[in-house]
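**Student:** Sequence:
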Amino acid sequence: MVEPSDIVALDCEMVGMGPFGTENGLARCSIVDYYGNVVYDQFIRPEGVITAFRTSVSGVRPVDMEGATPFRVQTRDPIGYPYPTC
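Under this note's numbering, think of the first position of the sequence shown as 1, with each following residue one higher.
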């Protein structure tokens, strides 16, 4: 049986990259548990040049990227939680 403590929800916000802003780059990752408690919520600076912040949809603003963790650093161990590797 699945326990509430085993259930999380993940949401990612993307920004546009590339010459026309049509490539997606991860800019924010949020995880909440079954009860809505925030487990993880970080801005992540994608590799490359952001050409469309899509703020009206993503909520991500240029100022949010100023202190964001670089994507390469963030993907090493996103929340300090042991997870399987492929």
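Hints were generated in silico from the structure; no laboratory data involved. Misleading hints may appear alongside valid ones.
Restraint ranges, calculated between C-beta atoms of paired labels, are given here [as the list claims (entries may be wrong)]:
no., residue 1, residue 2, range
1, Tyr-34, Cys-12, 29 to 35 Å
2, Asp-41, Arg-72, 33 to 39 Å
3, Gly-36, Met-1, 19 to 25 Å
4, Arg-72, Asp-11, 28 to 34 Å
5, Gln-42, Pro-19, 41 to 47 Å
6, Arg-61, Phe-20, 31 to 37 Å
7, Asp-6, Pro-62, 35 to 41 Å
8, Arg-61, Val-2, 23 to 29 Å
9, Thr-51, Val-2, 40 to 46 Å
10, Asp-41, Glu-3, 36 to 42 Å
The beta carbon of each residue, even a glycine, is placed where N, CA and C say it ideally should be.
**Student:** Evaluate each hint against the coordinates.
**Tutor:** Cross-check of the supplied hints:
1. Tyr-34 / Cys-12: 29 to 35 Å: Violated, at about 19 Å.
2. Asp-41 / Arg-72: 33 to 39 Å: Roughly 20 Å apart at Cβ, these two residues miss the hinted range, so it is violated.
3. Gly-36 / Met-1: 19 to 25 Å: Between Gly-36 and Met-1, where Cβ atoms are some 21 Å apart, the hint holds.
4. Arg-72 / Asp-11: 28 to 34 Å: violated, 22 Å
5. Gln-42 / Pro-19: 41 to 47 Å: Violated, at about 27 Å.
6. Arg-61 / Phe-20: 31 to 37 Å: Given range 31 to 37 Å: violated, Cβ gap about 20 Å.
7. Asp-6 / Pro-62: 35 to 41 Å: holds, 37 Å
8. Arg-61 / Val-2: 23 to 29 Å: Violated, at about 37 Å.
9. Thr-51 / Val-2: 40 to 46 Å: holds, 41 Å
10. Asp-41 / Glu-3: 36 to 42 Å: Since Asp-41 and Glu-3 have Cβ atoms about 23 Å apart, the given range 36 to 42 Å is violated.
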